[in-house]
Amino acid sequence: MIDDLDGDRRGFLKCMAWAGTGALFAFSGGVGSSIGLDAALAAPLKQASLQPFTFAQISDSHIGFNKPPNVDARATFREAIAKVKALPQRPDFVIHTGDVSQLSRDEEFDDAEQILKELGLPVFFVPGEHDMLDPDGGKAFLNRFGKGSQGAGWYSFDHRGLHFVALVNVADLKPGGMGNLGAAQLAWLKADLAGRSSSTPVVVFAHIPLWTVYADWGWGTDDSAEALKLLARFGSVTVLNGHIHQITQKVEGKIAFHTARSTAFPQPVPGTAPSPGPLKVPSEQLHSMLGITDALFVRGHDRIALIDSTLSA
Amino acid sequence: MTRAHKILTFQASAIAAGALIMGVVADMARATPAPTPAAVTIGNFSFNRQALTVKPGTTVTWTNADDIPHTVTSTASVFKSKVLDTGDKFSFTFAKAGQFGYYCSLHPHMTGTVLVKA
Numbered sequence: 001m002i003d004d005l006d007g008d009r010r011g012f013l014k015c016m017a018w019a020g021t022g023a024l025f026a027f028s029g030g031v032g033s034s035i036g037l038d039a040a041l042a043a044p045l046k047q048a049s050l051q052p053f054t055f056a057q058i059s060d061s062h063i064g065f066n067k068p069p070n071v072d073a074r075a076t077f078r079e080a081i082a083k084v085k086a087l088p089q090r091p092d093f094v095i096h097t098g099d100v101s102q103l104s105r106d107e108e109f110d111d112a113e114q115i116l117k118e119l120g121l122p123v124f125f126v127p128g129e130h131d132m133l134d135p136d137g138g139k140a141f142l143n144r145f146g147k148g149s150q151g152a153g154w155y156s157f158d159h160r161g162l163h164f165v166a167l168v169n170v171a172d173l174k175p176g177g178m179g180n181l182g183a184a185q186l187a188w189l190k191a192d193l194a195g196r197s198s199s200t201p202v203v204v205f206a207h208i209p210l211w212t213v214y215a216d217w218g219w220g221t222d223d224s225a226e227a228l229k230l231l232a233r234f235g236s237v238t239v240l241n242g243h244i245h246q247i248t249q250k251v252e253g254k255i256a257f258h259t260a261r262s263t264a265f266p267q268p269v270p271g272t273a274p275s276p277g278p279l280k281v282p283s284e285q286l287h288s289m290l291g292i293t294d295a296l297f298v299r300g301h302d303r304i305a306l307i308d309s310t311l312s313a
Numbered sequence: 314m315t316r317a318h319k320i321l322t323f324q325a326s327a328i329a330a331g332a333l334i335m336g337v338v339a340d341m342a343r344a345t346p347a348p349t350p351a352a353v354t355i356g357n358f359s360f361n362r363q364a365l366t367v368k369p370g371t372t373v374t375w376t377n378a379d380d381i382p383h384t385v386t387s388t389a390s391v392f393k394s395k396v397l398d399t400g401d402k403f404s405f406t407f408a409k410a411g412q413f414g415y416y417c418s419l420h421p422h423m424t425g426t427v428l429v430k431a
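The listed protein sequences correspond, in order, to chains D and Z. Throughout the first sequence, residue numbering follows our numbering, covering 1 to 313 in sequence. Throughout the second sequence, residue numbering follows our numbering, covering 314 to 431 in sequence.
Take the hints with a grain of salt, since some may be wrong.
[As the list claims (entries may be wrong)] The calculated DSSO-like cross-link candidates involving lysine-lysine, where the alpha carbons are at most 30 Å apart (straight line), are:
#1 K402(Z) x K67(D)
#2 K174(D) x K409(Z)
#3 K190(D) x K85(D)
It should be emphasised that the hints constitute simulated quantities derived from the structure, not laboratory data. All values reported here derive from a predicted model rather than from experimental measurement.
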């Protein structure tokens with residue numbers, strides 16, 4: 001458990017120094033905090049009496065991507081998996097927040113699955129838009145990674161008193177729009193949350209951010225406000241997303257938002273490039289990922305702490 | 314005038330009219346050759362000619378010059394490309410006049426329109 005966020009800030013920023021980044025989450029008392037994997041690796045084992053549990057998030061592995069700045073997204077994905085395996089506290093499970101593949105090809109999904117098997121941990125998935133490119137619009141992904149899910153791949157589960165909700169916002173996208181949850185999924189979410197105690201900590205994960213990071217690049221979800229309304233009564237809500245290949249964090253009310261980095265390639269900070277295409281950092285810089293300076297998410301006791309993220313050279 | 318003569322005359326007129334029509338069609342074909350194909354390039358997560366006007370019969374070809382895959386998807390389900398990886402092309406021939414909106418189904422903020430008019 002990380003109980004001194006300030007003290008870990010340096011370690012957190014240091015973790016930006018490699019491409020195959022994952023993020024580690026520790027839960028105690030329902031309040032989530034995040035640190036980089038390097039910091040977690042360096043952290044001494046805390047007293048066993050706390051007995052927190054952890055899970056890891058990996059995202060945007062883009063298996064099959066082979067262009068600058070990363071000609072082998074499989075290799076960096078393996079590095080990310082090795083980092084997760086080397087954590088001093090073994091996570092209970094891993095979530096993958098989408099864009100497992102580059103083009104939804106069978107061999108890409110296959111390789112991702114094989115590499116993930118090295119973890120020896122349960123992995124929970126949501127699809128990204130790159131996982132919906134087979135002729136059947138996502139069936140290849142769902143058949144492999146979405147067993148037991150509903151609709152386009154949504155589901156929920158409980159783990160040690162927390163409620164986890166996996167949402168899909170990359171299906172049936174509307175012209176001119178951003179991410180989309182859709183009426184059927186929102187109805188399902190309402191029913192899923194109904195009857196749960198407001199003191200239940202909730203973790204929601206989906207591929208595209210559930211708040212508008214940058215509308216010009218489609219970095220948001222058109223109907224996310226309706227989902228957030230359903231979540232508003234809960235005392236602790238953590239929203240974990242991918243898609244934008246960089247860490248952004250903010251807190252709004254009781255809801256903490258966090259986006260994970262990609263294991264494949266960085267993308268520019270909003271507005272700093274003509275498009276959100278891969279940030280072509282020199283190969284020697286790929287692992288340092290210096291294109292991104294992260295804002296550390298600090299949860300205040302009685303106020304919202306919001307720290308902007310910027311890109312550094 | 315006999316009945317037979319009338320029919321014969323009618324047939325002759327019909328043939329003459331048909332020949333005239335064919336001649337006009339041939340003239341039209343000579344006057345308006347097949348429209349020049351049009352091209353749209355996809356780059357920087359956008360279609361470089363967002364509003365394209367072409368004549369009926371024009372074949373439009375989209376080329377993905379981006380390093381991220383995209384699609385060309387008609388908003389009214391008139392046409393839909395497979396996923397276009399870098400360098401891949403998709404063509405569609407617009408036979409009739411009309412306005413055809415389209416977008417990238419992966420990145421729906423990418424939109425464009427083809428206006429087809431004579």
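Against the structure, the hints:
| no. | hint | in the structure |
| --- | --- | --- |
| 1 | K402(Z) x K67(D) | holds (19 Å) |
| 2 | K174(D) x K409(Z) | holds (25 Å) |
| 3 | K190(D) x K85(D) | violated (36 Å) |
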